[in-house]
Structure formats: structure tokens, C-alpha cells
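Protein chains: 2
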Amino acid sequence: MSRIAFTKGHGTGNDFIIILDPENQIALSEQQIQRLCDRHFGMGADGVLHAVQESLWFMDYRNRDGSVAEMCGNGIRVFAEFLYRHEFISESAQIGTRAGVKHVERNGADSWSVNMGNAQIFAEWIDVKLGNDAFKARSVNVGNPHLVVEVASLSVLPATLLWNDVADVPSHPEGFNLEFYEVLSESLVSMRVLERGVGETLSCGTGVCAVAQVHMQARNIGACEVKVPGGQLMVQESSGELVLTGSVELIADGFVELT
Amino acid sequence: MSRIAFTKGHGTGNDFIIILDPENQIALSEQQIQRLCDRHFGMGADGVLHAVQESLWFMDYRNRDGSVAEMCGNGIRVFAEFLYRHEFISESAQIGTRAGVKHVERNGADSWSVNMGNAQIFAEWIDVKLGNDAFKARSVNVGNPHLVVEVASLSVLPATLLWNDVADVPSHPEGFNLEFYEVLSESLVSMRVLERGVGETLSCGTGVCAVAQVHMQARNIGACEVKVPGGQLMVQESSGELVLTGSVELIADGFVELT
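Heads up: the protein sequence lines correspond to chains A and B, in order. Numbering-wise (this note's numbering), the first sequence opens with residue 1 and increments by one. Numbering-wise (this note's numbering), the second sequence opens with residue 1001 and increments by one.
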């Protein structure tokens, strides 16, 4: 058992434990990640951001089950704030991820943008069933697959979105993230999201981009705000790529037992 | 916004944020407690243990909704370990709570006992309905009210116990904690618990005492072990009072933003 330094932070309710380890000397096992992320026996988080210094700072992102993940739109914004507070990066920086180098920018106090790359909307509509209700979804790829459903009002949805209530979709045998959104105004939508392998979450960076891309294309606009249960984010199109912007918060620092 | 020192710990998965404040200078508002205990926007915990020094150390216990509570059987054991690590108490100590002075004792590394007082079993059986299933419960008072149901196997219960599935009980208009238990052997039972105002939890100190008292009386024994989803605890009767024993773990220390 050893003690390691940690910082906890969140972006729109998507929360992370950051482990600063410039020389990559802390080998985090799946079991250790699971314990750190356990909300009763550990610190509790949606994932771990292991900060390693290579030619750039590298975000070694781990899901709460210990598996590696390529990218996380909220995670990298929290990660940028952490590096900025330590004066490891300036207000505009490149950060390495398993999905390639990502550009981040600070937008005043506690707000960061990340270029999420492009989001591709496919032509055909996909049938989605939630309980006894049938919906038509757009299929969107933001590095990972999304099905995006516009509804007249989010109030038609059950109190909790559960994967158990979603029927399999033949065109997506490897699964998908599922978003429902309601248009509040020309440039503002509200959404809820079911993350693949997780369940309903307070926020999802790629899901926000998928919804924004569908809405922006439908309205022929270049930016929109997206409400999620954990807060609000902005998406802007720039040369065909999506820039995700929103607040982040670092809430605690300390030392945690690595059991 | 200010930063305060904290420790996080748990007893059988019941987790707490401990705030050391000997001179009682930190006034924690309901909103601040809610934020600290929020599992995404804060540190996350079932409750806050505010450690204040009076003639004895006093456990100012707060539920995660910010309300005050009298006592918590797992909380006081975690609290004792925290005070012991700081050398504020010895291996046997008295701790003040809103439910009176409680005696705690250390039982080797990371294990503490607390005298929970007496548990009173009432004579009449109470009808409890969970979904379409009807059960007969013993009514037990351990400072707070419990209904205790013995089942042949916990496997008959749904995956998650929900208050929505429990019918009102006319004899208990102010509510109750509800425990289901299965006898594994003469001196070992396994239980699940629905806590009043909360929902299903990994452990509940008074619930463990209520179940143990029912089982010990039925078998005419003086001690038993109780499995809970978060671990295992022991209950021993001593001069008509129940002593609750089990492991605790302090998992992190640091500084947290008090927003």
C-alpha cells in the first residue's frame, strides 16, 4: 500500500481523479483504477487522468472499470485546467491523447475549449426503441458512434434512461451512445445521454458534439449551446471541426491510498 | 470560497468526509454539506463527520442532505479511527454524539467497536409489502425504527430495493428502515437494507444491530456476524446492550474547496 498525490475535478458533472506522474513511474493496475473510482470504497470518479510528460503532456485516460480510453471531451478540459494551474501549459496548448494531439484553449477563469475534430452525420435514419416508444435517430460518428433523437420535449422520457429499456439496433452491433434532445431556441438545445457501457450520465463531451452537429446542420448555423443534466456546454464549428467549450472545476487535492 | 482540510474514510462501504475543527470555527451550511457529499460535483460521501472538541470529542454528524443526525454506527467507528490516528484518543474512549456519549474500542488494526445501546423488539408482527410480495416483519427500535424480515434466501429480492416498491405501513407513519436477512449458519446472517430517506445502501449500523438482535433472540445466542453488501460486521450482546464491531479504512487526506 502506498500513498499518491491526487487532484479531483469535474466538467459539467463528469468527474475525474488526476494523478500527476511526469516520468510515468506509477503503473496503475485495472484493480487500482477501479478502487480509486469506487464511490464508496475509494475517492469516486468517472475516470482517471494519468498525467505523463512526453514531448507533450499526455492524457493517459482510464475508464472507471480500469480499461483504457482514447479521449474524453470533458476529461481533457479538466486536464488542461490542472496543467495550467501547475503552470505546465499556457492558455493555448497541445495535449497528447490516444486519439491524437488535441488543441485546448483557455476562455477566461475556469473555462476551457477543446477541438474535438469532425463529426460525421450519416444519411439514413435509424429506428430506436425505448420501452414501447419508437424513435427515428440520426447516426453520427464523433470518433465513437452516436444515435441522436430529436424529441418535442425531454419530459416524454422516463425518469432514468436505462440500457435495459433500449432494444438492440441491427446496424450497430458494437453498440452506441444514445442522445435525446429538445430544441429550446434556435441556438440552444437540451439533451440527455445514455453512454455505451455506462448508463445515463450527467454529461458526455462527444454526445454533446453529436447533438450539436445534428442541430447545427438542421438549422444551418455554426454554433449552439447544449444543456446537459450537469451544466451547459457550447459547440462551435470551425473549418469543419467542432470546438467544445465549457467550465471546469478543480475541487480537491491530497493524498490517497493506492491499495 | 475557501479550502478546508478533510479526510475521507469508510466502514463497510458507508463513506464519510471528516472535517477536523477542534474549536468549532467552521460553520457548515446545508448547501455546503450537500456539495461536499455530491458524488460528481463534490468529494462524495454518505455524510460528514464534523469533529469538534468539547469536554469529549463530539461527532457533529450530518446526513448528505445537510440535515443533522443523532448517531451513525459506521460513522462513529470511522471517526474513532481518525481520532486515534491523530493520537487524540486512546484505544478505548468516550465520544459525544447527539444520541449521548458512546463508548468505542479498538480491536487491532483498522477495527473498532461501538456500544450501540439496547435494541427493543416489539411483540406484534407487522405486514410489509414489497411489490406483489407480502412479508411478516419484526418491529425493532435501535434509537430509530426498523422492520426486519427473515427470508429463506436473499435471492428472492429484486436487484435493487426501492422505496417506490414498498407499501406504506399504517403502524409506522413516520417511516422506518427495512432489512431483509437470510440465515447462513447459526451465527452468520446476510442482509440487505433500505434506509429511511435514502434507499438501498451498502451498510447500516443500526440496521445490522436490528437484524442481529432478532436473530440472536430467535436462536438464544449472544453474538453473531452479519454480512452486508459492503462487508461484514459482528454484533455482541453485553449486559443487554449491543456492541457493533468491524473494519474501517481511512482512504485519503487533503484540502477541498468549500463552495
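Do not take every clue at face value.
Cβ-to-Cβ under 7 Å is the rule here; a few derived chain A residues that face chain B [stated by the list, open to error]: (1) Gly13; (2) Leu20; (3) His40; (4) Gly197; (5) Val198; (6) Gly199; (7) Glu257; (8) Leu258.
No lab work stands behind these hints, which were simulated from the structure alone. Yeah, the Cβ is synthetic: ideal placement off N, Cα and C, and Gly gets one too.
Do the hints match the structure? See the list:
no. : hint   : result
1   : Gly13  : holds (4 Å)
2   : Leu20  : violated (13 Å)
3   : His40  : holds (4 Å)
4   : Gly197 : violated (18 Å)
5   : Val198 : violated (13 Å)
6   : Gly199 : violated (13 Å)
7   : Glu257 : holds (5 Å)
8   : Leu258 : violated (10 Å)
Hint compliance for this structure: hints 2, 4, 5, 6, 8 are not met, and every other hint is.
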